[in-house]
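The opening residue of the sequence shown carries number 653 in my numbering; numbering runs sequentially from there.
Hints may contain errors.
In the EDC-like style, the derived pairs of lysine to aspartate or glutamate whose C-alpha atoms are separated by at most 20 Å in a straight line are [unchecked claim]:
(1) Lys821 x Asp749
(2) Lys817 x Glu786
(3) Lys689 x Asp749
(4) Lys821 x Glu746
(5) Lys774 x Asp787
(6) Lys728 x Asp749
(7) Lys728 x Glu739
(8) Lys817 x Glu763
(9) Lys734 x Glu688
(10) Lys774 x Asp810
(11) Lys714 x Asp732
(12) Lys817 x Asp787
(13) Lys728 x Glu773
(14) Lys689 x Glu786
(15) Lys689 x Asp787
(16) Lys774 x Asp732
(17) Lys816 x Glu773
(18) Lys734 x Glu789
(19) Lys734 x Asp772
(20) Lys821 x Asp776
(21) Lys734 x Glu763
(22) Lys774 x Glu739
(23) Lys734 x Glu786
(24) Lys689 x Asp772
(25) Lys734 x Glu773
(26) Lys714 x Asp776
(27) Lys714 x Asp772
(28) Lys816 x Glu763
Here are the simulated distance ranges between beta carbons [claimed, not checked]:
(29) Lys689 x Glu786: 34 to 44 Å
(30) Asn694 x Asp749: 43 to 53 Å
(31) Glu809 x Ser692: 42 to 52 Å
(32) Gln755 x Ala702: 49 to 59 Å
It should be emphasised that the hints constitute simulated quantities derived from the structure, not laboratory data.
Where is the CB? At the ideal position from N, CA and C, for every residue including glycine.
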Amino acid sequence: VTQGAPQVLPSVPAVGAPQAQPSPAQPSGAASKPAEKTVSFNMEGQRWSAVFQWLVDQTGLKYGSSYLPQGSFTFKSPNDRKYTISEVIDIINEALDSNPDQQRYILIRRETSFVLVPADEKIDPTLVPRVAVEDLERRGSTEVVSLVISLNTAVAEDIAPELKKLMGKYGDVVPLGRANQLVLQDTAGN
C-alpha cells in the first residue's frame with residue numbers, strides 16, 4: 653500500500669441493474685431537457701370538475717377517476733405569476749388534502765391520465781407512476797411516484813425498515829431480495 657492519492661476503483665453496476673447506454677453528443681450549451689411549459693393559473697370558486705377539465709385541457713392527459721370532490725376551489729395567483737404543471741398539481745393537491753369538512757384526496761399524474769384517490773386510504777401501487785431518479789425534478793413535490801433503486805453494498809431486506817421510517821403518509825418500501833433492489837413509493841418531495 654502506498655501513501656498519497658486515494659485509489660479510485662471502477663464502479664460496477666449491481667446485478668440486474670440497467671446498463672447505461674452512451675448518449676448522443678449534444679451541442680455545447682444545449683439543455684438536456686426542454687423547460688417545462690408554464691401557464692397562468694387562477695380559479696375563483698370553480699367546481700372541482702371545472703378544475704380537472706382545465707388541467708386536462710392544459711396537459712392533454714385524461715381524467716380517469718370515479719371520485720369527484722364536492723364544493724369548489726379558489727386560487728388567486730399573486731401578480732399573474734405563471735406556474736409549471738408540476739406546481740399547479742402541488743397547489744391542487746394541497747387544496748384537496750386540506751379540507752377538514754370533506755373527504756380528502758390526492759391527484760396522481762400517470763403517463764396518460766390523472767387519477768384521484770382518497771388520501772386516507774392505502775394507494776394501489778398499480779396507479780402510481782414509476783419514474784427514474786432524474787425525473788423527480790420534473791414532478792411536483794406532492795406527486796406520488798414510485799422508483800426502483802439498485803443497491804451495491806447494502807442489503808435490500810436490511811435497509812427497507814429503516815427507509816420506511818423516513819417516508820411520509822403515502823410512503824412504502826418493497827425490498828426485492830434476489831435483485832437487491834428497493835421499490836420506493838412516496839411523494840416526489842420525499
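Hint by hint, here is what the structure shows:
no.	hint	verdict
1	Lys821 x Asp749	12 Å, holds
2	Lys817 x Glu786	23 Å, violated
3	Lys689 x Asp749	25 Å, violated
4	Lys821 x Glu746	14 Å, holds
5	Lys774 x Asp787	24 Å, violated
6	Lys728 x Asp749	18 Å, holds
7	Lys728 x Glu739	14 Å, holds
8	Lys817 x Glu763	29 Å, violated
9	Lys734 x Glu688	11 Å, holds
10	Lys774 x Asp810	24 Å, violated
11	Lys714 x Asp732	27 Å, violated
12	Lys817 x Asp787	24 Å, violated
13	Lys728 x Glu773	30 Å, violated
14	Lys689 x Glu786	18 Å, holds
15	Lys689 x Asp787	15 Å, holds
16	Lys774 x Asp732	37 Å, violated
17	Lys816 x Glu773	17 Å, holds
18	Lys734 x Glu789	18 Å, holds
19	Lys734 x Asp772	31 Å, violated
20	Lys821 x Asp776	14 Å, holds
21	Lys734 x Glu763	23 Å, violated
22	Lys774 x Glu739	24 Å, violated
23	Lys734 x Glu786	24 Å, violated
24	Lys689 x Asp772	31 Å, violated
25	Lys734 x Glu773	33 Å, violated
26	Lys714 x Asp776	19 Å, holds
27	Lys714 x Asp772	24 Å, violated
28	Lys816 x Glu763	26 Å, violated
29	Lys689 x Glu786: 34 to 44 Å	19 Å, violated
30	Asn694 x Asp749: 43 to 53 Å	21 Å, violated
31	Glu809 x Ser692: 42 to 52 Å	49 Å, holds
32	Gln755 x Ala702: 49 to 59 Å	19 Å, violated
Hint violations for this structure: numbers 2, 3, 5, 8, 10, 11, 12, 13, 16, 19, 21, 22, 23, 24, 25, 27, 28, 29, 30 and 32, all remaining hints satisfied.
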